[in-house]
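J.: Sequence:
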Amino acid sequence: MKRSRSGIGESFSNIKIRTKLVLLSGALLLSLGGVALMGGTTIIGLKDDITLVENNIPNINDDANSVKSILDRQQLALERLATAQSALRNFGELKYWLTDLSASWLNASETAADKSRAALDVDLKAVAAFDSAVAKVVGEQAKKINDLGLQAVDAYADGNRVLGNSLLASARNSILEVDKTLLKLNVDQNAAVEDQKKQAGESFNAASAQVDKARGVAETAINSAQASLNQATGVIGVVMVLAILFTFMTIRSLINPIRQLVSAMNHLAEGNLQTELPKVTRNEIGDMIK
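Under my numbering, the first residue of the sequence shown carries the number 3, and numbering increases by one thereafter.
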(Lines of atoms letter the chains of each structure in order from A; the text may use other names.)
(Lines give C-alpha, C1' and ligand atoms only; values in the text may rest on other atoms or scores of the structure.)
Protein backbone atom coordinates (compact mmCIF):
# COMPACT_ATOMS: atom_id res chain seq x y z
CA MET A 3 0.00 0.00 0.00
CA LYS A 4 1.24 3.48 -0.94
CA ARG A 5 0.44 6.75 0.77
CA SER A 6 -0.17 10.03 -1.06
CA ARG A 7 2.50 12.61 -0.33
CA SER A 8 0.54 15.82 -0.47
CA GLY A 9 -2.94 17.29 -0.67
CA ILE A 10 -4.74 20.58 -1.01
CA GLY A 11 -4.59 22.63 2.14
CA GLU A 12 -2.25 20.22 3.94
CA SER A 13 -1.91 22.44 6.94
CA PHE A 14 -5.66 22.96 7.14
CA SER A 15 -6.25 19.23 6.78
CA ASN A 16 -4.13 18.50 9.82
CA ILE A 17 -6.52 20.42 12.07
CA LYS A 18 -8.84 18.32 14.21
CA ILE A 19 -12.46 18.12 13.00
CA ARG A 20 -13.76 19.45 16.26
CA THR A 21 -11.32 22.33 16.08
CA LYS A 22 -12.44 23.08 12.53
CA LEU A 23 -16.08 23.19 13.58
CA VAL A 24 -15.23 25.40 16.54
CA LEU A 25 -13.24 27.73 14.29
CA LEU A 26 -16.07 27.83 11.75
CA SER A 27 -18.64 28.60 14.42
CA GLY A 28 -16.36 31.20 15.98
CA ALA A 29 -15.74 32.88 12.63
CA LEU A 30 -19.46 33.06 11.91
CA LEU A 31 -20.24 34.38 15.38
CA LEU A 32 -17.44 36.93 15.08
CA SER A 33 -18.79 38.04 11.72
CA LEU A 34 -22.30 38.38 13.10
CA GLY A 35 -20.95 40.29 16.07
CA GLY A 36 -19.05 42.68 13.81
CA VAL A 37 -22.13 43.30 11.69
CA ALA A 38 -24.24 43.83 14.82
CA LEU A 39 -21.65 46.22 16.24
CA MET A 40 -21.59 48.21 13.02
CA GLY A 41 -25.39 48.28 12.95
CA GLY A 42 -25.49 49.43 16.55
CA THR A 43 -22.97 52.18 15.83
CA THR A 44 -25.06 53.32 12.88
CA ILE A 45 -28.24 53.36 14.99
CA ILE A 46 -26.51 55.37 17.73
CA GLY A 47 -25.26 57.85 15.14
CA LEU A 48 -28.75 58.20 13.70
CA LYS A 49 -30.18 58.65 17.17
CA ASP A 50 -27.73 61.48 17.87
CA ASP A 51 -28.61 63.16 14.57
CA ILE A 52 -32.33 62.80 15.28
CA THR A 53 -31.75 64.34 18.71
CA LEU A 54 -30.05 67.33 17.06
CA VAL A 55 -33.03 67.77 14.74
CA GLU A 56 -35.46 67.49 17.67
CA ASN A 57 -33.46 70.05 19.65
CA ASN A 58 -33.86 72.51 16.78
CA ILE A 59 -37.64 72.10 16.60
CA PRO A 60 -38.38 74.24 19.72
CA ASN A 61 -36.16 77.00 18.31
CA ILE A 62 -38.03 76.86 15.01
CA ASN A 63 -41.38 76.98 16.85
CA ASP A 64 -40.22 79.94 18.95
CA ASP A 65 -39.06 81.83 15.86
CA ALA A 66 -42.30 81.02 14.05
CA ASN A 67 -44.33 82.29 17.01
CA SER A 68 -42.15 85.39 17.12
CA VAL A 69 -42.76 86.04 13.42
CA LYS A 70 -46.52 85.58 13.93
CA SER A 71 -46.53 87.94 16.91
CA ILE A 72 -44.62 90.61 14.98
CA LEU A 73 -46.89 90.22 11.96
CA ASP A 74 -49.91 90.66 14.23
CA ARG A 75 -48.40 93.84 15.65
CA GLN A 76 -47.57 95.02 12.13
CA GLN A 77 -51.17 94.46 11.07
CA LEU A 78 -52.36 96.42 14.10
CA ALA A 79 -49.94 99.25 13.22
CA LEU A 80 -51.25 99.28 9.65
CA GLU A 81 -54.83 99.50 10.91
CA ARG A 82 -53.89 102.40 13.20
CA LEU A 83 -52.13 104.17 10.33
CA ALA A 84 -55.20 103.72 8.15
CA THR A 85 -57.34 105.21 10.94
CA ALA A 86 -54.99 108.20 11.31
CA GLN A 87 -55.04 108.77 7.54
CA SER A 88 -58.82 108.54 7.48
CA ALA A 89 -59.09 111.09 10.32
CA LEU A 90 -56.78 113.49 8.47
CA ARG A 91 -58.78 113.06 5.26
CA ASN A 92 -62.18 113.55 6.92
CA PHE A 93 -60.92 116.61 8.78
CA GLY A 94 -59.71 118.04 5.47
CA GLU A 95 -63.18 117.52 4.01
CA LEU A 96 -64.73 119.16 7.06
CA LYS A 97 -62.51 122.24 6.54
CA TYR A 98 -63.41 122.38 2.87
CA TRP A 99 -67.18 122.19 3.34
CA LEU A 100 -67.23 124.70 6.21
CA THR A 101 -65.25 127.12 4.06
CA ASP A 102 -67.59 126.50 1.13
CA LEU A 103 -70.62 126.92 3.39
CA SER A 104 -69.36 130.30 4.66
CA ALA A 105 -69.12 131.51 1.07
CA SER A 106 -72.10 129.83 -0.61
CA TRP A 107 -74.62 129.34 2.23
CA LEU A 108 -75.78 126.20 0.42
CA ASN A 109 -77.67 123.50 2.29
CA ALA A 110 -75.71 120.89 0.33
CA SER A 111 -72.45 122.25 1.76
CA GLU A 112 -73.85 122.18 5.30
CA THR A 113 -75.03 118.58 4.78
CA ALA A 114 -71.60 117.57 3.45
CA ALA A 115 -69.91 119.29 6.42
CA ASP A 116 -72.16 117.39 8.86
CA LYS A 117 -71.35 114.14 7.09
CA SER A 118 -67.60 114.81 7.28
CA ARG A 119 -67.91 115.70 10.98
CA ALA A 120 -69.75 112.42 11.69
CA ALA A 121 -67.08 110.41 9.81
CA LEU A 122 -64.36 112.23 11.77
CA ASP A 123 -66.08 111.35 15.05
CA VAL A 124 -66.01 107.65 14.06
CA ASP A 125 -62.29 107.91 13.30
CA LEU A 126 -61.58 109.66 16.60
CA LYS A 127 -63.29 106.85 18.52
CA ALA A 128 -60.88 104.41 16.84
CA VAL A 129 -57.92 106.73 17.53
CA ALA A 130 -58.90 106.89 21.21
CA ALA A 131 -58.14 103.14 21.46
CA PHE A 132 -54.41 103.80 20.98
CA ASP A 133 -53.97 107.56 21.59
CA SER A 134 -56.71 109.02 23.75
CA ALA A 135 -54.93 112.37 24.17
CA VAL A 136 -54.91 113.05 20.43
CA ALA A 137 -58.52 111.94 20.08
CA LYS A 138 -59.59 114.29 22.87
CA VAL A 139 -57.70 117.30 21.51
CA VAL A 140 -58.84 116.81 17.92
CA GLY A 141 -62.42 116.13 18.99
CA GLU A 142 -62.61 119.31 21.04
CA GLN A 143 -60.96 121.42 18.35
CA ALA A 144 -63.13 119.93 15.58
CA LYS A 145 -66.27 120.83 17.54
CA LYS A 146 -64.93 124.32 18.11
CA ILE A 147 -64.11 124.74 14.38
CA ASN A 148 -67.54 123.44 13.38
CA ASP A 149 -69.30 125.82 15.80
CA LEU A 150 -67.20 128.81 14.70
CA GLY A 151 -67.88 128.01 11.04
CA LEU A 152 -71.63 127.90 11.57
CA GLN A 153 -71.51 131.10 13.62
CA ALA A 154 -69.53 132.77 10.83
CA VAL A 155 -72.20 131.71 8.31
CA ASP A 156 -74.91 133.23 10.51
CA ALA A 157 -72.86 136.43 10.81
CA TYR A 158 -72.44 136.67 7.06
CA ALA A 159 -76.15 136.01 6.60
CA ASP A 160 -76.90 138.89 8.95
CA GLY A 161 -74.56 141.12 6.96
CA ASN A 162 -71.97 141.30 9.74
CA ARG A 163 -68.84 140.54 7.73
CA VAL A 164 -66.47 141.82 10.42
CA LEU A 165 -67.79 139.32 12.94
CA GLY A 166 -67.84 136.57 10.32
CA ASN A 167 -64.22 137.20 9.36
CA SER A 168 -63.21 137.26 13.03
CA LEU A 169 -64.91 133.94 13.69
CA LEU A 170 -63.22 132.33 10.65
CA ALA A 171 -59.84 133.64 11.80
CA SER A 172 -60.36 131.97 15.18
CA ALA A 173 -61.38 128.80 13.38
CA ARG A 174 -58.19 128.87 11.28
CA ASN A 175 -56.02 128.88 14.41
CA SER A 176 -57.77 125.72 15.63
CA ILE A 177 -57.49 124.21 12.14
CA LEU A 178 -53.71 124.71 12.16
CA GLU A 179 -53.48 123.02 15.57
CA VAL A 180 -55.58 120.04 14.45
CA ASP A 181 -53.62 119.70 11.19
CA LYS A 182 -50.37 119.67 13.14
CA THR A 183 -51.70 117.08 15.61
CA LEU A 184 -53.11 114.74 12.95
CA LEU A 185 -49.98 115.01 10.79
CA LYS A 186 -47.81 114.04 13.77
CA LEU A 187 -50.15 111.14 14.50
CA ASN A 188 -49.73 109.91 10.90
CA VAL A 189 -45.94 110.25 11.05
CA ASP A 190 -45.80 108.33 14.34
CA GLN A 191 -48.02 105.53 13.06
CA ASN A 192 -46.06 105.27 9.82
CA ALA A 193 -42.84 104.98 11.84
CA ALA A 194 -44.45 102.22 13.91
CA VAL A 195 -45.36 100.33 10.73
CA GLU A 196 -41.80 100.62 9.41
CA ASP A 197 -40.39 99.44 12.75
CA GLN A 198 -42.67 96.39 12.73
CA LYS A 199 -41.65 95.62 9.14
CA LYS A 200 -37.99 95.72 10.17
CA GLN A 201 -38.60 93.45 13.17
CA ALA A 202 -40.62 91.06 10.99
CA GLY A 203 -37.75 90.85 8.50
CA GLU A 204 -35.20 90.15 11.23
CA SER A 205 -37.41 87.54 12.88
CA PHE A 206 -38.13 85.88 9.54
CA ASN A 207 -34.40 85.70 8.78
CA ALA A 208 -33.77 84.12 12.19
CA ALA A 209 -36.53 81.56 11.58
CA SER A 210 -35.14 80.81 8.12
CA ALA A 211 -31.69 80.28 9.63
CA GLN A 212 -33.11 77.77 12.12
CA VAL A 213 -34.93 75.94 9.34
CA ASP A 214 -31.76 75.84 7.24
CA LYS A 215 -29.83 74.54 10.24
CA ALA A 216 -32.38 71.79 10.86
CA ARG A 217 -32.37 70.91 7.15
CA GLY A 218 -28.56 70.71 7.23
CA VAL A 219 -28.62 68.42 10.26
CA ALA A 220 -31.25 66.22 8.60
CA GLU A 221 -29.25 66.01 5.37
CA THR A 222 -26.11 65.16 7.33
CA ALA A 223 -28.02 62.42 9.16
CA ILE A 224 -29.32 60.99 5.88
CA ASN A 225 -25.87 61.08 4.29
CA SER A 226 -24.32 59.52 7.38
CA ALA A 227 -26.95 56.78 7.42
CA GLN A 228 -26.42 56.11 3.71
CA ALA A 229 -22.65 55.93 4.19
CA SER A 230 -23.05 53.58 7.15
CA LEU A 231 -25.47 51.44 5.17
CA ASN A 232 -23.04 51.23 2.26
CA GLN A 233 -20.21 50.38 4.61
CA ALA A 234 -22.28 47.75 6.39
CA THR A 235 -23.32 46.25 3.04
CA GLY A 236 -19.67 46.03 1.99
CA VAL A 237 -18.61 44.45 5.26
CA ILE A 238 -21.46 41.96 5.13
CA GLY A 239 -20.50 41.08 1.58
CA VAL A 240 -16.87 40.46 2.58
CA VAL A 241 -17.95 38.48 5.62
CA MET A 242 -20.26 36.33 3.52
CA VAL A 243 -17.52 35.62 0.99
CA LEU A 244 -15.05 34.70 3.73
CA ALA A 245 -17.64 32.58 5.53
CA ILE A 246 -18.51 30.71 2.33
CA LEU A 247 -14.82 30.21 1.56
CA PHE A 248 -14.03 28.98 5.06
CA THR A 249 -17.08 26.71 5.06
CA PHE A 250 -16.08 25.31 1.67
CA MET A 251 -12.56 24.61 2.88
CA THR A 252 -13.84 22.94 6.05
CA ILE A 253 -16.33 20.72 4.21
CA ARG A 254 -13.76 19.83 1.55
CA SER A 255 -11.13 18.98 4.19
CA LEU A 256 -13.63 16.53 5.68
CA ILE A 257 -15.27 15.01 2.59
CA ASN A 258 -12.25 14.49 0.32
CA PRO A 259 -10.19 12.43 2.77
CA ILE A 260 -13.26 10.34 3.63
CA ARG A 261 -13.97 9.70 -0.07
CA GLN A 262 -10.32 8.77 -0.63
CA LEU A 263 -10.36 6.48 2.38
CA VAL A 264 -13.60 4.76 1.27
CA SER A 265 -12.15 4.30 -2.23
CA ALA A 266 -8.94 2.83 -0.83
CA MET A 267 -10.87 0.43 1.45
CA ASN A 268 -12.95 -0.76 -1.49
CA HIS A 269 -9.80 -1.47 -3.50
CA LEU A 270 -8.25 -3.33 -0.57
CA ALA A 271 -11.42 -5.39 -0.17
CA GLU A 272 -11.04 -6.39 -3.81
CA GLY A 273 -7.47 -7.60 -3.07
CA ASN A 274 -5.60 -4.70 -4.64
CA LEU A 275 -2.78 -4.27 -2.15
CA GLN A 276 -1.06 -1.58 -4.27
CA THR A 277 -3.83 0.87 -3.52
CA GLU A 278 -2.57 4.32 -2.54
CA LEU A 279 -3.88 5.44 0.84
CA PRO A 280 -4.66 9.04 1.63
CA LYS A 281 -1.96 11.04 3.38
CA VAL A 282 -2.00 10.58 7.12
CA THR A 283 -3.13 13.79 8.77
CA ARG A 284 -3.06 14.82 12.40
CA ASN A 285 -6.80 14.56 12.92
CA GLU A 286 -9.50 11.96 13.34
CA ILE A 287 -9.37 10.88 9.68
CA GLY A 288 -5.60 10.50 9.95
CA ASP A 289 -6.17 8.23 12.96
CA MET A 290 -8.52 6.06 10.85
CA ILE A 291 -5.93 5.77 8.05
CA LYS A 292 -3.30 4.58 10.51
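Please note that the accuracy of each hint is not assured.
[To be verified] With a Cα cut of at most 30 Å, we get these calculated DSS-like pairs of lysine-lysine:
(1) Lys145 - Lys199
(2) Lys70 - Lys97
(3) Lys70 - Lys117
(4) Lys200 - Lys215
(5) Lys182 - Lys145
(6) Lys97 - Lys49
[Unchecked claim] Pairwise CB distance ranges (calculated):
(7) Thr249 - Pro60: 27 to 35 Å
(8) Glu142 - Asp116: 45 to 53 Å
(9) Gly236 - Ser27: 53 to 61 Å
(10) Ala38 - Ala211: 50 to 58 Å
(11) Glu142 - Ala193: 24 to 32 Å
(12) Asp50 - Ala84: 49 to 57 Å
(13) Gly236 - Val213: 56 to 64 Å
(14) Leu80 - Val139: 17 to 25 Å
(15) Ser168 - Asn67: 55 to 63 Å
(16) Glu142 - Lys200: 32 to 40 Å
(17) Ser210 - Leu31: 50 to 58 Å
Don't read these hints as lab results, they were simulated from the structure. Built from N, CA and C at the ideal position, the CB exists for glycine as well.
J.: The structure should be examined with respect to each hint, and the outcome stated for every one.
T.: Evaluated hints:
For the hint pairing Lys145 with Lys199, the CA-to-CA distance comes to about 36 Å; that exceeds 30 Å, so the pair is violated. Among the hinted pairs, Lys70 with Lys97 is inconsistent with the structure: their alpha-carbon atoms are about 41 Å apart, more than 30 Å. Taking the CA atoms of Lys70 and Lys117, the gap is about 38 Å. The hint is violated against a cut of 30 Å. Pair hint Lys200 plus Lys215 holds up; C-alpha atoms about 23 Å apart against a cutoff of 30 Å.
Our distance criterion of 30 Å between C-alpha atoms is met by Lys182 and Lys145, whose separation comes to about 17 Å. With a CA separation close to 72 Å, the supplied pair Lys97 and Lys49 exceeds the 30 Å bound. At roughly 53 Å, the beta-carbon separation of Thr249 and Pro60 lies outside the given 27 to 35 Å, and the hint is violated. For the pair Glu142 and Asp116, the supplied restraint of 45 to 53 Å is violated, since their beta-carbon distance comes to about 18 Å.
Here the CB-CB span from Gly236 to Ser27 is close to 24 Å, at odds with the stated 53 to 61 Å. Hint check: Ala38 to Ala211, Cβ distance near 39 Å, so the stated range 50 to 58 Å is violated. The hinted window of 24 to 32 Å between Glu142 and Ala193 holds, with their beta carbons roughly 26 Å apart. Under the hint 49 to 57 Å, the C-beta atoms of Asp50 and Ala84, about 52 Å apart, fit the expected range.
In this structure, Gly236 and Val213 break the distance hint of 56 to 64 Å, their C-beta atoms being roughly 35 Å apart. Evaluation of the 17 to 25 Å hint for Leu80 and Val139 yields a pass: the beta carbon distance comes to about 24 Å. Separation of Ser168 from Asn67 is about 60 Å and conforms to the stated range, judged on CB atoms against 55 to 63 Å. At about 35 Å, the beta-carbon gap between Glu142 and Lys200 stays in the expected band of 32 to 40 Å.
Checked against the given bound of 50 to 58 Å, the beta carbons of Ser210 and Leu31, roughly 51 Å apart, stay inside it.
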